[in-house]
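The listed protein sequences derive, respectively, from chains A and B. Residue numbers for the first sequence follow the working numbering, beginning at 25 and rising by one. Residue numbers for the second sequence follow the working numbering, beginning at 19 and rising by one.
A few of these clues could be false.
In silico lysine to any residue, SDA-like type, Cα no more than 20 Å apart, as pairs [to be verified]:
1) K308/B to K337/A
2) K279/B to P165/A
3) K48/B to H34/B
4) K379/B to P244/A
5) K179/A to G419/B
6) K221/A to E437/B
7) K251/B to L173/A
8) K279/B to F160/A
9) K337/A to K251/B
10) K125/A to E307/A
11) K322/A to D299/A
12) K222/B to T293/B
13) K257/A to Y124/A
14) K245/A to Q407/B
15) K84/A to L206/A
It is worth saying that the hints were derived from the structure and are not from the lab.
Residues per chain, in single letters:
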Amino acid sequence: MSLWQSYRMRLRRKRAKIRAWRKHFMLRSRANRTDQIQPGDILLFSTLRDEYVRLPYFLKYYRDLGVSHFVIVDNGSSDGGAEYLADQNDVSLWTTNASYKRSRFGVDWLNWLQQKYAHGHWTLVVDPDELFVYPFCDTRPIRALTDWLDVSQVKSFGAMLLDMYPKGRIDAVPYLPGQNPLEIASWFDPGNYQISKNHKFGNLWIQGGPRARVFFPNQPKKSPALNKIPLVKWHKNYAYESSTHMLLPRGLNLTYDEWGGEKASGVLLHAKFLDTFTIKAAEELTRRQHYSSSVEYKAYAENFDDTPDLWCKWSEKYINWRQLEILGLMSKGNWA
Amino acid sequence: MLVHTAFGRAEQIARHWAASGCPIVIHSDKSVPRKTYAAFKAKLSDLPDVRFAKRHRCEWGTWGLVAATQEASQIMLAEFPEVRHVYLSSGSCLPLRPVQELIDYLTERPHTDFIESATTADVPWTMGGLDHERFTLRFPFSWRKNRYLFDRYVALQRLVRFKRRIPNGIVPHMGSQWWCLTRQTLSAILEDPERASYDRYFKKVWIPDESYFQTLARLYSRQIESRSLTLSKFDYQGKPHIFYDDHLQLLRRSDCFVARKIWPFANRLYDAFLTDVSSAMKRTEPNPGKIDRIFAKAVERRTRGRPGLIMQSRFPVEGRENGLTCAQYSVFEGFTDLFENFEAWLSKTTTTRVHGHLFAKERAEFSEGQTVMNGALSDSATLRDYNPQAFLASLIWNTRGERQCFQFGPRDVQDIEWEIAKDHNAQISVITGAWAVPLFKSNRNFSDIRQEAALLQQIESEHLKTLRSPWTKARVRIWSMAEFIEAPMEPLQTIIDEIGQQSLRGLAEVPKMSDLTGFGQFLQNLKNQGMHPYLMGDFPVSHGQGEAPLSQPKPYLVR
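Same shape as in the complex, but just chain A (with noise of 0.2 Å):
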């Protein structure tokens, strides 16, 4: 790693900073109670559109592992989950109407408001289709995750994103407020992940999973890309540099052992593909707001008119994280 390499890494982060400010000026804050939050509390920041339906079950998974304050920015939801979300009080809600890809993706508006109020703050990125799901979830709340992590001086703490898929026509059942939508949800590619090195930014590239197998079996590379890393002890100048996928600096990057051990590390159960799945897809398909103008959608929107079905015979119906651990999915590492 030369020195130029780290000064142009550098150069990029700060970019990342001015888009981040840039950006901000198309937020409306709409409830500010981020005065509530205290030292120590654990955060969770979003970005959403049209996901009301998902919102209460969302809110009290995470209020159940601990998450003391949620930071959302609703991208001109029509649903009415933006006057939910301003009623919760220990919501922080912004709204924006501007472009969701023109903001990479939220990420830009995430990053500000990050440095704003998660600096030192155990702060968890996800979106409402996300469960984080980490080892002894169970049994143990989330701050005694990121107290190890602390004791253990991490800065940063891998969940990869696992597609749930229901058994069956995904549109069969439809999802109802409130409810856990791995009760539908509830089916998984358990061995079939591919994963190379970004060495650029030292992160991990996974691909594979139920959508790079109906999806993208003859373009592989197009596939989406599931290494996330969603919880991070914040500090003011860090940023997301695309996604929840990569960070800078890049040693945030190094949520894997490279000398044959096993770090610690989580699963991000995805409950995309659920009946609202099929309505977002048709409507990305004009908005195209998403990832490469919208390539996963179109694929999707291609294979489900003949193949409505992620099930296969070897799909695994999802149990607990100690599953997810023995399938060597997610790790405990050092951690008991």
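Following the hints, position chain B against chain A.
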């Protein structure tokens, strides 16, 4: 009792000890804000037998911890003359058994010092590669805050071969910092006329809290029991493991009196153990081995990981995989070309899963024609070739417990060959030149056949170079085709024996060999066209006796 965080819990613990009549001397880290400290002091002011020692700065691995202990011990010995045993504990320690049990235990052993103490030569507890050097080098820089200077200074001292003199020929011992010493031993250490020189020496030793008392106790103790009464487990970096609510059942099975460290928010643990004798939980049979196993496993997982697993938090660099795959598997090259029903025969003879050509150009030929395999592994060739190494590692990982066999040959995508050759889990058996049999049987123009034969021969000879390279770790067996068909049962028997999952019947049945009548002539024709097939060995051209035994293989019976 050494306290530096979680004062609420520390107060709770102090009250618990005091309730059983134990006097306490508390030392709090100097870096704790004065206000917090004053509040803590005030809260404990109602307890008569609590004293507070002068505050020292206690940074991990430095002398401050020892100074604090000395200070507190002196107060304890001076102010509470009835005390016979002094137990060093911390604010995040939790008594696992009723305090009275500990008192009784110590009363029965009035002259025993419980302090873990071992010489550096005998134990592998080293951190940062320093064992004996902890005692012979100087460590003025903090390991936590000035790692660079720390490392440089150690390197410099090694370079100039600096060695400290150990005073009075004491033998350095190390061990857990949590001890329980008798008044006699502890006062002897503190009142030693040589103490000043010992202190001066230990001030520059690395992690003196794990060696000061451990070493000096050896000088005075009448009876040392080299173990700590405090349960404390360390991870690979030397940090103590933390106990949580879900460790409750585990801790009940400990034979130790006190455990550390406890997570301050582990309410269930505190509620369960900080009760009086009457409401204390029924004790279970001690089983400390179970605790040891769990934490030893955690260290193992963090340092060595699960062999053959590639995942988001385990992505070893080349050479550190500790096994590219997680289990043994077999690769057969040329067998399906030579034998007509090889796959069926193999899966019948052994209890393994037999795939076709997993790396075929069109698709991964999983067993029984499946399009998706264990772990939802797709048979798509593009997906597989996108990362063949991940494909193979996933397949072997997903099918743990069932041995995998698959075919390979020069017609397949060759990207994976090095991965397999370097993998000590692979058993590779090759019949060279057998790829010519399908050509021989095919109904194609001879010029096409000639061209393809040349190509396949080239690919296979490259592949053989790989298999014979010094980096190959797989168990490789190579026969030329001529060599193999001379006595096919012997090599087959060897391979099957090595797989070791033979079904009880033995090799009663033999795979059916293709009819090779005229194969010698076919090879000669290739030669005549200027393409020399050499990988299959020598086949006689004559139609006479030479080929007769080949075309009608005998049903060998090997017992």
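To see whether the hints hold, each was checked on the structure:
no. : hint             : verdict
1   : K308/B to K337/A : violated (38 Å)
2   : K279/B to P165/A : holds (17 Å)
3   : K48/B to H34/B   : violated (24 Å)
4   : K379/B to P244/A : holds (16 Å)
5   : K179/A to G419/B : violated (37 Å)
6   : K221/A to E437/B : holds (17 Å)
7   : K251/B to L173/A : holds (17 Å)
8   : K279/B to F160/A : holds (18 Å)
9   : K337/A to K251/B : violated (43 Å)
10  : K125/A to E307/A : holds (15 Å)
11  : K322/A to D299/A : holds (17 Å)
12  : K222/B to T293/B : violated (42 Å)
13  : K257/A to Y124/A : violated (26 Å)
14  : K245/A to Q407/B : holds (16 Å)
15  : K84/A to L206/A  : holds (14 Å)
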